[in-house]
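Novice: Chain E: place on chain R using the hints.
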Amino acid sequence: MKLLEFEGKDVFRRYGLPVPPTGGAIEKPAQLPAALKRAGKGPWVIKAQVLAGGRGKAGGVKIAKTPKEAALIVKNMLGMKLVTPQTGEKGVKVNKVLVDKASDIAREIYLGVVLDRKLGCPLIIASAEGGVEIEVLAHTKPEAILRMPVDATAGLRPYQARQLAFQLRIPADQLGAFVKLAMGMVKIFMDLDANLVEVNPLILTPKGELLALDAKVTTDDNALFRQKELAAKPDLEATPAEKEAKKTGITFIGLDGTIGCMVNGAGLAMATMDSVHLAGGSPANFLDVGGGANAEQVTKAFQIIMKDKKVQAVLINIFGGIMRCDTIAEGVLTALKKIKLTVPLVVRLEGTNVKEGKALLQKSGLKMIVADSLWDAAQKAVAAAGAN
Amino acid sequence: MSVLLHKRSRIVVQGLTGSAGSFHAKQCMDYGSAVVAGVTPGKGGTTHLGVPVFDTVRDSVRERGADVSLVFVPPPAAADSILEAFDAGVKLVIAITEGVPVLDMARVKADLTRRRAAGQDLRLIGPNCPGVITPGECKAGIMPGYIHKPGPVGIVSRSGTLTYEAVWQLTSKGIGQSTVIGIGGDPVNGTNFIDCLDLFEHDDQTKAVVMIGEIGGSAEEEAAEFFKRRMTKPVFSFIAGKTAPPGRRMGHAGAIVEGGSGKHSDKVAALERVGITVVQNLSEIGETVARSPVGALAAAAA
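As you go down the protein sequences, you meet chains R and E in turn.
Letter 152 of the first sequence, counting from 1, is numbered 152 in our numbering, and no numbers are missing.
Counting from 1 along the second sequence, just add 1000 to a position and that's the residue number in our numbering.
Think of the hints as simulated: they come from the structure by calculation, not from any bench.
From a predicted model like this one, the values you see are computed outputs, not experimental measurements.
Even glycine gets a Cβ: it sits at the ideal position worked out from N, Cα and C.
There may be inaccurate statements among the hints.
What the hints assert, rightly or not - Not the full set, but computed from the structure, chain R residues with beta-carbon under 7 angstroms of chain E: (1) R117; (2) G120; (3) F225; (4) F319; (5) S373.
Claimed, not checked - Here are the computed lysine-lysine pairs in the DSS-like style, where the Cα-Cα straight-line distance is at most 25 angstroms: (6) R/K228 x R/K247; (7) R/K358 x E/K1173; (8) E/K1263 x R/K141; (9) R/K247 x R/K233; (10) R/K118 x R/K216; (11) R/K355 x E/K1149; (12) R/K118 x E/K1091.
Isolated chain R (complex conformation) (with noise of 0.2 angstroms):
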């Protein structure tokens, strides 16, 4: 779960670190007077609020003199679709933006924690060269990223921080608050389970001081279990289709194509995209029913699938192992039996209870399309979407 940048500044403000006096995230422009208020004297900086990265040269970062100017531009941010690299033509709906003191700026530093897949720990990233995209400098300039891998259960040691701030030329009066502040953030990343705490920039001030102007806080949708607060939030980036599914255990997510998919495991709902794909048709969406599904689940797979009207066709392929066949073919029927199926249907089973499975499709005598191996499912999928 992604963090929006307003509650991510909350988050680093509970921990004590240096983030720039703020207004709040404001929904409407009649909130505008207070916010400005309570952050102060301007100029101020008012932010749209959304999860893309990108977003200061798609104009969602606007710096406003006067009272004036900042309502303008909330009247103007608010509502507005925000186009990023990030969000694809369709763009993202502005629906709260943040109102910042603005901050003069003497020096950019890039200061994250990571979770390092290779080396199975968190991973402080910095560099003494902020204010551009880390993956930017990483491939223009990797010798000016710093490395320094952290203790999961010990956190960051405070000669690590300190080594740190030296290799990123803080000056001396301030070592203690960035030490505090990387600290922090490791704390930060293990206390919300995170997979990514990120400052971009860290700014020194023409007077020395260390801000955060911004914060981005990813967190690990496998821990929700213990993160109450997190778990309560809710998740903006997933589609209605994408909502319903998860509260079923399944994993959906929609795509753009005709056949729609159905298959248990999600290294084979990749490669069932991929075979469709291959054989000349677009995948609507990968789908993984998931381990241990019962008809329930099925039946909801299915609903959420014909729900998407841009399907032609759909296919079923299910590699029981922890799902046995019979209990998918149990759930084929009986949502056939609650949706009027208007679009092909090719199903491929193999595995535990194969037989049972197939036995109980074929004395259903309802009309689908039998598939021996992945690759006769895909063909057959793609031709019966052509022909619909």
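Specialist: Same frame as chain R, but now just chain E:
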């Protein structure tokens, strides 16, 4: 010889009395695996599926000589159960559980690394994996046993059902497997591709390896480096996720293209550059191995 699991492996199932633990322990026993104990704290002294249940893994090791632990404990307690198995002295821990928080796994990994550095003979497979099977000898996992057949091809994969698909194709062509290892789909896991390639390289029975990867991370790129420097046996590969949109987690916590890394095209290029045969169409993996000298020999022997 196969790797990791053999006829004499003695399995303790952590979470034996739960529904998943019960169902799959039974399947493993039906396959012929020696499930010698179960562990459910508070149920020590009882019997389940004809198997003695203990309160701790340590008890199961002492009383029944368990040396492999198969973990079905739900996510909130999974990491603790894995650590308990490490401490009890089993040699191989196979964690099936899906949904373990990644920070828990980072802590498990740190403990594993410390123990191995101190000389403890220990290995963790998973989590979020189908387990390990040495066909005809021992199954410790949730894979359907009957699709496998003993033979010369080692298989290692990040995905469960995708592995079954590859195994089934090989078996249908008369090509058996030495050991099939599911390393799991999480970003931090106990054993990686290179560990398994190393095991297979040193295993007499294994004559070729099938490696099934997917988008996300850099395990495939590391495997390519390892292959170039250390391997003499042929490796065949398939990478899932060519059509996956970037920035989305494709079911597996680890299957995501982010910040330009973990891309399908980069992985395929890295593997092909060092001479690994990458199959574009999953349905051709069996055929591709069958056409190779190793496959032809195996099929002829069968």
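Novice: A separate judgement is required for each hint: does it hold in the structure or not?
Specialist: Each hint tested on the structure:
Of the supplied interface hints, the one on R/R117 holds, with its beta-carbon coming within about 5 angstroms of a beta-carbon of chain E, less than 7 angstroms. Residue-level restraint check for R/G120 holds (minimum Cβ-Cβ distance to chain E is 4 angstroms; threshold 7 angstroms). Given hint, R/F225 at the interface with chain E, holds; its Cβ is 6 angstroms from that chain's nearest Cβ, closer than 7 angstroms. For R/F319, the interface hint holds, since its Cβ comes within 7 angstroms of a Cβ in chain E; the closest pair sits about 4 angstroms apart.
With its C-beta approaching chain E no nearer than about 6 angstroms, R/S373 sits inside the 7 angstroms limit, and its interface hint holds. In summary, the hint linking R/K228 to R/K247 is supported, as the alpha carbons are separated by about 16 angstroms, within the 25 angstroms threshold. With a C-alpha separation of about 23 angstroms, the suggested pair R/K358 and E/K1173 falls inside the 25 angstroms cut-off, and the hint holds. For the given pair, E/K1263 sits about 21 angstroms from R/K141 by alpha-carbon distance, which is consistent with the 25 angstroms threshold.
The straight-line distance between the Cα atoms of R/K247 and R/K233 is roughly 14 angstroms, inside the 25 angstroms bound, and the hint therefore holds. Proposed proximity of R/K118 and R/K216 is supported: the alpha carbons are some 22 angstroms apart, at most 25 angstroms. For the hint pairing R/K355 with E/K1149, the CA-to-CA distance comes to about 20 angstroms; that is within 25 angstroms, so the pair holds. Simply put, R/K118 and E/K1091 have alpha-carbon atoms about 23 angstroms apart, close enough for the 25 angstroms limit, and the pair holds.
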